[in-house]
Amino acid sequence: MVPLEYYLILSGIIFTIGVAGVVVSRNIIIVFMSIELMLNAANLALISFARRLGDAGGHVFVFIVMAVAAAEAAVGLAIIIALFRNKDTINMDEFNIMKW
Amino acid sequence: MEYFIFFACAIVAVISAILVIVQKNPVASVIFLIMAFFAQAILYIQLAAVFVAVLQIVVYAGAIMVLFLFVIMLLNLRRDEFGPEKHPLHRWVTRLFAIVLVAELVIIIIRGFVREGKADIAAQFGSVEQVGTALFTKYVFPFELTSILLIVAIIGAVVLAKRKAEGE
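Protein chains in written order, with this note's numbering: chain U, 1 to 100; chain E, 1 to 168.
Keep in mind the hints are simulated off the structure, nothing from the lab. Since this is a predicted model, take the numbers as computed values, not measurements. Where a beta carbon is used, it is the ideal one built from N, C-alpha and C, also for glycine. Misleading hints may appear alongside valid ones.
Unchecked claim - For lysine to aspartate or glutamate, the following DMTMM-like pairs were computed, each having C-alpha atoms within a straight-line distance of at most 25 Å:
| id | chain 1 | residue 1 | chain 2 | residue 2 |
| --- | --- | --- | --- | --- |
| 1 | E | K162 | U | D88 |
| 2 | E | K162 | U | E94 |
| 3 | E | K24 | U | E72 |
As the list claims (entries may be wrong) - A few chain U positions that, by computed beta-carbon distances, are all more than 12 Å from chain E:
| id | residue |
| --- | --- |
| 4 | N96 |
| 5 | I97 |
| 6 | M98 |
| 7 | K99 |
Just chain E, with the same shape it has in the complex:
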């Protein structure tokens, strides 16, 4: 059963990830990306990361993807945006290199040392309480830095997207 859930989610995630990059229409890409995120959220639950799975759906599939959709609507793209296809060799070379990269990663993962860890974990592992405790005790400094990063991002986004005032 565990294997069945893993392979079902893995296949959904990989296929929707491929569909994200081959779609012509960006809105369809966003929908497939959300599908990939949901499949990954199920895998997170299987890995006992319940809090992160909820964050994945709420923050990623919810907030960030809505931002993407807003921008796609704002840009109001035409259908004939992209000219004729580039040289077909470009596409094939990319596929070849992608396969080589996957093979390389698989070989490294299989031959590399992966420490046999704990099969059994505490019942509350990955819960909000446990992650929150780690976040506010051991990792409190990175957490505070995150807040600065978010403020910088807010200001940066406003400055960049702002229309220049007249006579500026």
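Excised from the complex, chain U in its bound form:
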């Protein structure tokens, strides 16, 4: 059976790719997808811990994380639509009115 550490390292790598996507990308939709990647990396860690400890609690948490991700996707995409309506772009560099 594959050791738990392998799954955790895979989860860490996917999480880091998500972080890099948020930092590098200028397309706001790709930034959003990177956030989904990070949530999925956390899910993978939860599932592997649940398997190793024989506890279904991890599965329940993944279920709740999925609900949060769905809510986040709905609200976030609505915000993107509102931003696009005002600025007519999805370039992250253009959205700087909250910058101090």
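On the provided structure of chain U, position chain E as indicated by the hints.
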């Protein structure tokens, strides 16, 4: 065989995750993200989480990604949306920090204590019945909170995406 499936899925997941963030076209990004989700769903099955694997495909790869595609179509983006490349140093610094972060996580995971757990689990572990029982007995309060969260999200999405009426 188990190792082969793990490494095949891990490689597919990592490569498609990288492709998600380097693509210029968001539609291609969505397709690669769905590929990463499928690879993860296979890993979930290998970890005896059948119910979660099905949810991953139906909810994530199905519903949420279709929402993304809808928004990309709705925005009707132009090709020349993004100007010239930023300073190349920015990109290299990000790569460097990503590698440092991965190395840090790997060191923590390897040197940290991971309790040796059960190798053998019950046959119905991760089934709909078992997860459902946990969800509606021990974790019933978080489950109910989820419903409130979803209602807030629905109302919030409608309010945010709504076009302002005339004279408002």
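Hints, verified against the model:
1. K162/E with D88/U: holds (16 Å)
2. K162/E with E94/U: Judged against 25 Å, a Cα distance of about 22 Å means the pair holds.
3. K24/E with E72/U: holds (23 Å)
4. N96: holds (14 Å)
5. I97: Per Cβ check, I97/U is outside 12 Å of chain E; nearest 17 Å; holds.
6. M98: It holds; M98/U is separated from chain E by about 16 Å at its closest Cβ, greater than 12 Å.
7. K99: K99/U clear of chain E: closest Cβ-Cβ about 16 Å, beyond 12 Å.
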